[in-house]
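A.B. asks: Could you put together the complete structure from these sequences and hints?
Listed here are the chains, written in short residue letters.
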Amino acid sequence: MTSVTLGRKPHPASSLAQQVMGEAGIGIALLALVAIFTLSAPKFATSDNITHIATEITLNTMLAVGMTFVILVGGIDLSVGSVMALSAVVSGDVLTAGGLSTSAAVLLAVLVSALVGMGCGLVNGLVSERWRVPSFIVTLGMLNVARGAALQYTDAKTLYDFPESFNRFGTSTLLGIPTLFWISLLMVAVGHLVLTRTVFGRLVFAIGSNEEAVRLSGHRTGVVKVAAFVIAGFTVGIAAVTYMARLNIASPILGSGYELNAIAAVVIGGASLSGGKGSMVGTLLGACLLGVLTNGLLLMGVSDFQRQMITGAVIMVAVVVDHYRGRLASRLVARP
Amino acid sequence: MTARLPSPPAPVLEATGIRKQFPGVLALDDVRLELLPGEVHALLGENGAGKSTLVRILAGIQQPDAGGMTLGGKPYQPADPAAAMQAGVQVVHQELNLLPNLTVAENLFFQNLPRRHGLVNRKELHRRAEELLAEVGLEVRPQTKVERLGIAQMQLLEIARTLWQDCRVLVMDEPTATLTPRETSRLFTLLRAITARGTAVLYISHHLEEVFELGDRMTVFRNGRHVATQELAGTSTADVIQLMVGRDMEHEYPPHVPREPGPELLRADALHPRGGEPVSFALHAGEVVGMAGLVGSGRTETVRALFGADPRQGGTVLVKGRPVRIASPKHAVRHGISLLTEDRKSQGLVLDMPLAANITLAAIGKISRGGVLRRAEENRLARQAVDRLAVRTPGVRHPVRTLSGGNQQKVVLGRWLLAGADVLVVDEPTRGIDVGARYEIHQQLVDLAADGKALLVVSSDLPELMGICDRILVFSRGRVVGEVQRKDFDSSQILALAYSGYTSADSPAPTNGDTP
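These protein sequences, in sequence, are chains B and Y. Anchor point for the first sequence: position 181 equals 193 in my numbering, and the numbering is continuous, going up by one each time. Anchor point for the second sequence: position 201 equals 1162 in my numbering, and the numbering is continuous, going up by one each time.
Careful: at least some of the hints might be erroneous.
As the list claims (entries may be wrong) - Computed footprint of chain Y on chain B, listed as stretches where at least three residues anywhere in the stretch have a Cβ under 8 Å from a Cβ of chain Y:
| # | stretch |
| --- | --- |
| 1 | 205–211 |
| 2 | 229–240 |
To be verified - Restraint ranges, calculated between C-beta atoms of paired labels, are given here:
| # | chain 1 | residue 1 | chain 2 | residue 2 | range |
| --- | --- | --- | --- | --- | --- |
| 3 | B | L43 | Y | Q1038 | 35 to 43 Å |
| 4 | Y | D1271 | B | S286 | 23 to 31 Å |
| 5 | Y | Q1404 | B | S286 | 36 to 44 Å |
| 6 | B | L152 | Y | T1464 | 54 to 62 Å |
| 7 | B | S286 | Y | H1078 | 37 to 45 Å |
| 8 | B | W194 | Y | Q1404 | 53 to 61 Å |
| 9 | B | K55 | Y | K1291 | 53 to 61 Å |
| 10 | Y | Q1072 | B | L127 | 55 to 63 Å |
| 11 | Y | K1291 | B | L197 | 52 to 60 Å |
| 12 | Y | T1105 | B | L152 | 33 to 41 Å |
| 13 | Y | R1330 | B | L123 | 26 to 34 Å |
| 14 | Y | P1075 | B | L152 | 37 to 45 Å |
Just so you know, the hints here were simulated from the structure itself, not pulled from any lab data. Small disclaimer: the values here were computed from a predicted structure and weren't measured. Just so it is clear, CB atoms sit at the ideal spot from N, CA and C, and this is done for glycine as well.
C.D. replies: In C-alpha cells form, the structure reads like this:
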C-alpha cells in the first residue's frame, strides 16, 4: 500500500498486486455497486441523482480527509461530529453578528470555524501525546466537551438567517456538480499530495508503521502526530461552514455520529486502524461507496432499518477483506 | 562420568542428540543432558550458547528438530508447556509469569483452583496457599494482590507455584537475578530441601560463585554444542571459563589492519544512564572499539543514553572536543552520532516501507526542498547506498520486510552513512544474521573505520569483538572494569573481567533480558 502511494516507479510485481488489492479493489466494488443500482433502480443514473449523491457525500469526504491523517499515525478522532457543531455555532454567530460586509463576514466565519476546529484538534493531540493517553479516550472526552460547549454557547438554540449570498453559494453547482463537492475534491487532492509528496506525509506513514524507528532516526514524532490532529480539526472547521452554507442553519446538535461515518470511509478505503497503511484516494472511494450504497438502497425502496443493517455489514466485510488483502498482497509480492 | 560411581543411579531426565535449527542459526547441534535424581546440575555457557533454547525444549515451548528425551525412563515429548508440567517438569523462567491483578493464592493454584459446587473454595485455597508460603518462607497473606509484591517476593512466589505440582525436574533460569543475598541463601536452602526429595534441579546462572556453592555437576555448551559434563568438585572457575569460551579462534573475520587512531571524535565523561552507573570513554577517528560484557551489564543502556534514546542521570558528551547537549536522538543525529539498535525490526526499520524510504529516513533534508520530497534524488541516493553496501534487493522501491536479516542490517547502516554520521554505534550488529552475511557486515564496519569513522560495537559475541576491534571496553555490573588493547586480547581474561563485578556474593547477577 505504502509503496504504491510513495513510489513513482514501484517494483512491477508489487505495484500490480498491491494496486489490485488496494485502491483498485475498492474501485471495483464501487463500480459493481453502481452497475447493480443502475440496473435495478431506474432513477439512480440520472444527473439529478448524481448531483444528489455528490451533495450527500461532501461532508463525509471532508471529514474523512482529516481522519485519514489521524488514522495513518495510529490514532483515531471520535470528536469530529461535536467539534463540527462547536465550529458551526461559533462561526454562525460571526455570520449573523452584522456590522461587516457579507464577504468579510463569510471570510471571517471560515477563519473562525477552522481555528475552532484546529484548536480542538491541538488539544486532542497534545493531551494524547503529553500524557500518553490513547487518542480514543482523549477524543471521546472532546466529543462531550465540544458538544456541551456548543450547547452552552448557543443556549441550545439554533442559529439561522445567514446572508442570502452565502446560502446561494452553498447550493450552487459548477459543471453540474455541487460547488461544495468540488471543494471536498480539492481537499482530497491536497491531502493526497501532502501524504505522497512531502516530508510530513512520509513521516506520517513511517510513524504509523514504526514510531520508535522514526524517533531513533532523529525525528520529533510527537510534533507530527499532533499536527495530524490539527489537520483533522481544520477539515472539521471547513466541513462546518459547508454544512451551514448548504442548510442555512447552525445547530448545536448537528454532526452527531458523523465521526463514525468518516472512520468507516477511511477503513473501507483500505486504511489500517493500527496506522501506517491507507491512502487519500482510498478514503475518497470509501466515502463514495458509502454514499452510493445509501442512495441506491433508498431508491430501491429498502427500508431505513434494513439500510442501516446493510451499511454496517459492508463495513465489517471491508475490514475482513482488508485483513486478507494485506496477506494476499504480500504473498504476491514475495513471489519472485 | 557417572560410570566411576559405585552404583550409578538411573537418570531422571536424559536428553540425547538434541538439534534445533532456527532460520540462519543452528541453535543446538547434537547436545545431550543428563539429570540425576537429587542433584543440582548447572547448565553453563556464554550468551547464545544454546542454554535458553534447551530450556524451551524441556519446557515444551519448542520442539527439537532431532533427538530424544526420556523422563524417568519413559519417552518425554511435551507438545506444549501444559504437557511438560503434567509430566513433572517445572520451569521457573527469567521473566515472571504471574497475573498481577490476582491474589497470591490464586496465582499459586491458578491451574487447579480448589472448587466446591463449581465455585472456587476460598477457604481451602487460602489454607493450601498458607502452607506453601510457609514452605518457601514468603511472609505475605494469600489474599494479597500480586502487583503489590516486590520483585524478589514475586520470584519466590514463582518458585512456590511449582512446588505443589508433581515436580521431578525443576528448571531455574537465572533465578537469583533480582534476589538479595539473604533471599538467595533462603532460595538455596529451599532448593536443597527440594533435591532431598529426589527432584533434579537444572540451574542456569551467570553467577559462577553460586554455581560452585550449590551445584553438584555441570554441563557446558558452546556455540550450540555440548562441550563437557563433569563434577563441579575439583573444577576451578578458570577451567569453567575456558570450557565456555573454547580455544578455537577461527579466521572468520576480515584481516586486521593496524592504524594509528586519528583525532578524538567523541568523549563520554561520567555518562550516567538512568538506573546504571557512570561510564567514561573516548572514541577516535579510524577506531573500532568494542563493548564486551554479559547481557545486562550496562552496555546497551550506556549507548542508548549516549544517543539520547533514553533519559540519563548525568554526564557530559563531547563531540570533537566540544561539549554538546544530547537530550534526544534528534540532537545526536545533528552531532553526527548514530545508533544501530540491537532490535532492527522493532526499532530500526519501517518494514512495510520501501528500501529507499528506510535509507533516507535520517537524512530526509537531503532528499527534500521546502518540505517537498525529491523522489528522483531519493532513488539516486538509495541506489548509491545499495551499490556501496552490496545490498541484495530487486529494487530500491521494494519493501524492506522482504529482505534477509543481513541485507536489512545493511539498509540501516546505509541510512546512517547517508546521514553523515561520524560516530557509528552498533548494538549487536550480527545477531540473527547468517554466517555469510556476517562476514560482509564485519567487512563494512572495518572499511568504515578505515574511512575515518569511529565505531563503537556492542556485542555479546566475544569472538566477534576480538575479530574486528582495535580495543575492547569490558563492562561488568554497569561499570567499565577494564580496557584491553588488541595485542592483549585474550578471551579468558576478558570473560574474567566481565564476571568480575558479579563474583562477590553480595551482588545480584545480571538478568538475561537485555531490555533497553
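A.B. asks: Indicate, hint by hint, whether the structure satisfies it.
C.D. replies: Against the structure, the hints:
no.	hint	verdict
1	205–211	holds (count 3)
2	229–240	holds (count 4)
3	B:L43 to Y:Q1038: 35 to 43 Å	violated, 55 Å
4	Y:D1271 to B:S286: 23 to 31 Å	holds, 25 Å
5	Y:Q1404 to B:S286: 36 to 44 Å	holds, 38 Å
6	B:L152 to Y:T1464: 54 to 62 Å	holds, 55 Å
7	B:S286 to Y:H1078: 37 to 45 Å	holds, 44 Å
8	B:W194 to Y:Q1404: 53 to 61 Å	holds, 58 Å
9	B:K55 to Y:K1291: 53 to 61 Å	holds, 58 Å
10	Y:Q1072 to B:L127: 55 to 63 Å	holds, 59 Å
11	Y:K1291 to B:L197: 52 to 60 Å	violated, 37 Å
12	Y:T1105 to B:L152: 33 to 41 Å	holds, 34 Å
13	Y:R1330 to B:L123: 26 to 34 Å	holds, 30 Å
14	Y:P1075 to B:L152: 37 to 45 Å	holds, 42 Å
Figure legend: structure checked against the earlier numbered hints; hints not met, in rising order: 3, 11.
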